[in-house]
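Undergrad: Given the coordinates of chain A, assemble chains B and C onto it according to the supplied hints.
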Amino acid sequence: MKKTIIVFSGDLDRVIAAFIIANGAAAMGDEVTMFFTFWGLSTLRRPEKVKVKKSFLQALFGWMMPRGADRLGISKMNFGGLGAKMMKIVMKQQNVTPLAELIESAREQGIKMIACTMSMDVMGIRKEELIDGLEFAGVATYLAEADEANVNLFI
Amino acid sequence: MKKTIIVFSGDLDRVIAAFIIANGAAAMGDEVTMFFTFWGLSTLRRPEKVKVKKSFLQALFGWMMPRGADRLGISKMNFGGLGAKMMKIVMKQQNVTPLAELIESAREQGIKMIACTMSMDVMGIRKEELIDGLEFAGVATYLAEADEANVNLFI
Amino acid sequence: MKKTIIVFSGDLDRVIAAFIIANGAAAMGDEVTMFFTFWGLSTLRRPEKVKVKKSFLQALFGWMMPRGADRLGISKMNFGGLGAKMMKIVMKQQNVTPLAELIESAREQGIKMIACTMSMDVMGIRKEELIDGLEFAGVATYLAEADEANVNLFI
Chain A
-18 MKKTIIVFSG
-8 DLDRVIAAFI
2 IANGAAAMGD
12 EVTMFFTFWG
22 LSTLRRPEKV
32 KVKKSFLQAL
42 FGWMMPRGAD
52 RLGISKMNFG
62 GLGAKMMKIV
72 MKQQNVTPLA
82 ELIESAREQG
92 IKMIACTMSM
102 DVMGIRKEEL
112 IDGLEFAGVA
122 TYLAEADEAN
132 VNLFI
Chain B
-18 MKKTIIVFSG
-8 DLDRVIAAFI
2 IANGAAAMGD
12 EVTMFFTFWG
22 LSTLRRPEKV
32 KVKKSFLQAL
42 FGWMMPRGAD
52 RLGISKMNFG
62 GLGAKMMKIV
72 MKQQNVTPLA
82 ELIESAREQG
92 IKMIACTMSM
102 DVMGIRKEEL
112 IDGLEFAGVA
122 TYLAEADEAN
132 VNLFI
Chain C
-18 MKKTIIVFSG
-8 DLDRVIAAFI
2 IANGAAAMGD
12 EVTMFFTFWG
22 LSTLRRPEKV
32 KVKKSFLQAL
42 FGWMMPRGAD
52 RLGISKMNFG
62 GLGAKMMKIV
72 MKQQNVTPLA
82 ELIESAREQG
92 IKMIACTMSM
102 DVMGIRKEEL
112 IDGLEFAGVA
122 TYLAEADEAN
132 VNLFI
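Chains as they are written, first to last, in the numbering used here: chain A, -18 to 136; chain B, -18 to 136; chain C, -18 to 136.
The shape of chain A in the complex, shown without the other chains:
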């Protein structure tokens, strides 16, 4: 049965957890929808700078939010990125799939990834700044998906 995950957090560890659950469910034959909102949008940003028009405050938000999965910090003991680096190295040593591949696998498995348009407006994130293969929608779409699902998580 369908699963939905709201990815509110932009912390590497939480985002990894979200994608492991999503990919696991898809592998077991479930339809999965991930809804990225607020800081979770960081995960979907392209790593390169994209020139778009923003208000001053939106530019500030955009400047403070990491550009893409590879730049996320962890929620505890990040120490300016050191914690995130540590976690990535240990994950590699333990043969745990890195986040970039988890995202790729999500796409390949047909997991629906929705970027929350209201958050994009607030954070000043434009479609051009996000990776390919996303859908764009708001809370009504999320709720319609959740109504069809038997597991709905907020991460």
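Accuracy of the hints is not assured; some may be wrong.
List time: in silico DSSO-like cross-link candidates among lysine-lysine, alpha-carbon distance up to 27 Å [stated by the list, open to error]:
no., chain 1, residue 1, chain 2, residue 2
1, A, K34, B, K66
2, C, K69, C, K93
3, B, K57, A, K69
4, B, K35, C, K69
5, C, K69, B, K32
6, C, K32, C, K108
7, A, K73, C, K108
8, B, K57, A, K108
9, B, K34, C, K57
10, C, K66, C, K(-17)
11, B, K30, B, K66
12, C, K35, C, K108
13, B, K108, B, K30
14, B, K93, B, K(-17)
For the record, the hints were derived by calculation from the structure and aren't laboratory data.
TA: Positioned in the frame of chain A, the structure of chains B and C alone reads:
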């Protein structure tokens, strides 16, 4: 169908997300119950000081927890309230409903807002310190509501 | 009906919330499965040092993660453990069951506590370092449990 949301967090961004989901669901005809616990109780505090008797530690907790929706900080890059202010300004620029109106709308739409009595005891928050229109109950009530719902989130 | 809770967080306040919901549901006759992953594993660690072989980074993670329920900090205003101490004292004053007893009660009520094996690998936590009475499994087991449950929370 019914939705329940546990509002554990007292971070402005998370609380906004909770109310947007709750109001969205109510607008689509769903019954919604929000259960405020721990830091989430901050959202429900009256902005003015209310004189009530507390133990020393309860008074300390009460003094450290923001009084009301307008004083909440954001979970990331708050910088002593600056981040929260930024987010409010951008939300206004983007015509996103501010939190105070989201709470008002929740009330008007008949969303059930429950303050967790156990957390109130621990945090030393008295009924007189909270806004009107709340119900007061514990985990058994939450579970009974969740049993009737098809979407249950912990925020 | 069955309930599942993913305990991702290792913050005292969030872990307490998780166990109060779990114990409440079990008391009402529900089957409950708690799935401890990432920082949530801290809750399950034995308080004493256990000698096990780890890589350098795993040892560093292990050294930074609190050993057991009694050493967890709170998510806000912890001030190096002072906040956690405050919360414990107020909980005692208010006759709220302390975390150690909540865990004991979870065990007695037959709540299934699963330690996430992938997180154990990443964090370098060995079975010998964890308390008794746990099961060990991965995301597939979690998803199978969640599929049978009507309330699934991520904390």
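Undergrad: Between the alpha carbons of K35(C) and K108(C), is the straight-line distance 27 Å or under?
TA: holds, 13 Å
Undergrad: So if I understand the rule, the pair passes when the alpha-carbon distance is 27 Å or less; does K93(B) with K(-17)(B) pass?
TA: holds, 11 Å
Undergrad: Please verify whether K108(B) and K30(B) have alpha carbons no more than 27 Å apart.
TA: holds, 13 Å
Undergrad: For K66(C) and K(-17)(C), compute the direct alpha-carbon distance and say whether it is at most 27 Å.
TA: violated, 33 Å
Undergrad: Next pair to validate is K32(C) with K108(C); report whether the Cα-Cα distance is within 27 Å.
TA: holds, 11 Å
Undergrad: Does K108(A) sit within 27 Å of K57(B), going by the straight-line distance between their CA atoms?
TA: Distance ~23 Å between K57(B) and K108(A) Cα, so the pair holds.
Undergrad: For the pair supplied as a hint, K34(A) and K66(B), is the alpha-carbon distance within the 27 Å limit?
TA: The hint holds at about 22 Å.
Undergrad: Below or equal to 27 Å on CA atoms is what counts here, so check K69(C) against K32(B).
TA: holds, 25 Å
Undergrad: Within a Cα-Cα threshold of 27 Å, do K57(B) and K69(A) meet the stated pairing?
TA: holds, 22 Å
Undergrad: Against the 27 Å threshold, does the CA-CA distance of K35(B) and K69(C) hold or violate the hint?
TA: Holds, at roughly 16 Å.
Undergrad: Is K34(B) within 27 Å of K57(C), Cα to Cα?
TA: Judged against 27 Å, a Cα distance of about 24 Å means the pair holds.
Undergrad: Can the restraint linking K73(A) and K108(C) be considered satisfied, given a maximum Cα separation of 27 Å?
TA: holds, 21 Å
This entry does not satisfy hint 10, going by the numbered hints stated previously; all others are met.
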